[in-house]
Each structure stands twice: as C-alpha cells, then as structure tokens.
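These protein sequences, in sequence, are chains A and B.
For reference, each letter of the first sequence is one residue, going 9 to 118 in this note's numbering.
For reference, each letter of the second sequence is one residue, going 9 to 118 in this note's numbering.
Treat each hint with caution, since some may be false.
It does not matter which identical chain is meant; a pair holds if it fits inside one copy or across any two.
Stated by the list, open to error - The list that follows gives simulated cross-link-like pairs (lysine-lysine, DSBU-like), each with its CA atoms no further than 35 angstroms apart:
1. 65 / 34
2. 65 / 47
3. 73 / 85
4. 47 / 103
Source of the hints: derived by calculation from the structure; they are not laboratory data.
Protein chains: 2
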Amino acid sequence: MHVQQAAIDRVFHALGDPTRRAIVEKLSEGPITVSRLAKPLDMTLAAVVQHLQILEKSGLVRTEKVGRVRTCRIEPKGLSVAERWIDERRSLWEKRLDRLGQLLAEPDVN
Amino acid sequence: MHVQQAAIDRVFHALGDPTRRAIVEKLSEGPITVSRLAKPLDMTLAAVVQHLQILEKSGLVRTEKVGRVRTCRIEPKGLSVAERWIDERRSLWEKRLDRLGQLLAEPDVN
Chain A
9 MHVQQAAIDR
19 VFHALGDPTR
29 RAIVEKLSEG
39 PITVSRLAKP
49 LDMTLAAVVQ
59 HLQILEKSGL
69 VRTEKVGRVR
79 TCRIEPKGLS
89 VAERWIDERR
99 SLWEKRLDRL
109 GQLLAEPDVN
Chain B
9 MHVQQAAIDR
19 VFHALGDPTR
29 RAIVEKLSEG
39 PITVSRLAKP
49 LDMTLAAVVQ
59 HLQILEKSGL
69 VRTEKVGRVR
79 TCRIEPKGLS
89 VAERWIDERR
99 SLWEKRLDRL
109 GQLLAEPDVN
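Using the sequences and the hints given, assemble the complete structure.
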C-alpha cells in the first residue's frame, strides 16, 4: 500500500511540472535522443537531464545509453499509475451518486 | 487550444501536491464541510482554504456556502481533463507501436 502511494506521489509530482509534461508529450510521438529533446526547450542540457531523472524515477520515461547517445522513450507504466488513481476517484464518486439515486427512488417510509 | 492548455496546466499543478490529492481522495467519498475536511490535516484552516482555492480553479472541486458553512464536493470535470491528457499520450504511443508492428510485418523489399 505504501509502495503504491509512493509511486502515485512520484508520478503526479512528475506530471505537475509543465516542462516535464511537454517532454512526455514529445516522447508520445516516439523515442528521441536527449540532445534533440533539449533543443527546442529554453533551458540548459543539465536542467533537461534533471527533469528526465524525475520522469525516469516516476516510471513515465525510460532512457538508454548506446555509445555516447542517450535515447528517451515513454514508459506506459507511469501513465497507468496516474490513470488508475483518477479512475478510482471517479468510480468512488459515481458509486456514491448511484446510492443517492437509489435512496431517492425508494418509496418514502415515513 | 490555449484555453485547453491552461486547463491542463491547472489540473496537473493541482494534482501535483500530495495534500490536494488527499483532499480529492476524501471528497470522492462524498461532500464534506471545510472544517471537517481540515480536521485530520496537519495544517491551519487558512492553508486548507488555499489548497481548496487551487482545486476550485482547476475544476476538480466545487465549494458552496450555505449560511456559515462551506461544503466541498468533487467536480468530475477536472478529472476528465487529466484523464483525456493521459489517454491522448497513451493512444499516440500505441499508434506508433502499431505502425512499427506493421512495418516489421511487411515482407522485406530490399
């Protein structure tokens, strides 16, 4: 349970930053090298690498170094963690609405 | 497009904070007054109200004041914004995988 909570914290912390969401958006089009990823971003390569490390730890992105080139790709595991959390919230909320609907549909016993 | 981007920014910024996610988790069980919501949280009422304002602006939470009591409830619109963003990333990524699969399945023409 606590492990799961930590994973949720890491994913939503990672997605809470607009640059990191822009990186995930770019990577959903396909794998890309770190230097090509960094080019359109208005920041140092070191800052991009730092964002990538947070994304990697959250399970949203995977990077791999071949020779001198590091390539990043999306890792759907992290997206699933966020999706599941949202689904659970929505389903709890909808169940409650259903129960309310049932209560309102019951004949008045008073 | 820019309006949509601003909505995505607000929702993920709101969900990026663990206290605000805890508030959304609590509210998915049902509406609750601000004072009852604040009780188990280890912070001042003013801090809770500040978090609620961010959640309200993001469309994740709605609050309503009746007399002297303010009640908060979940607003599924905000959850949908986050869900859609994640779905789009996943679907782009899966389409790319499909195209790769098709390319690999094609007979070698060289």
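Evaluated hints:
no.: 1; hint: 65 / 34; verdict: both (18 angstroms within a copy, 27 angstroms between copies)
no.: 2; hint: 65 / 47; verdict: both (23 angstroms within a copy, 33 angstroms between copies)
no.: 3; hint: 73 / 85; verdict: within (20 angstroms within a copy, 41 angstroms between copies)
no.: 4; hint: 47 / 103; verdict: between (47 angstroms within a copy, 25 angstroms between copies)
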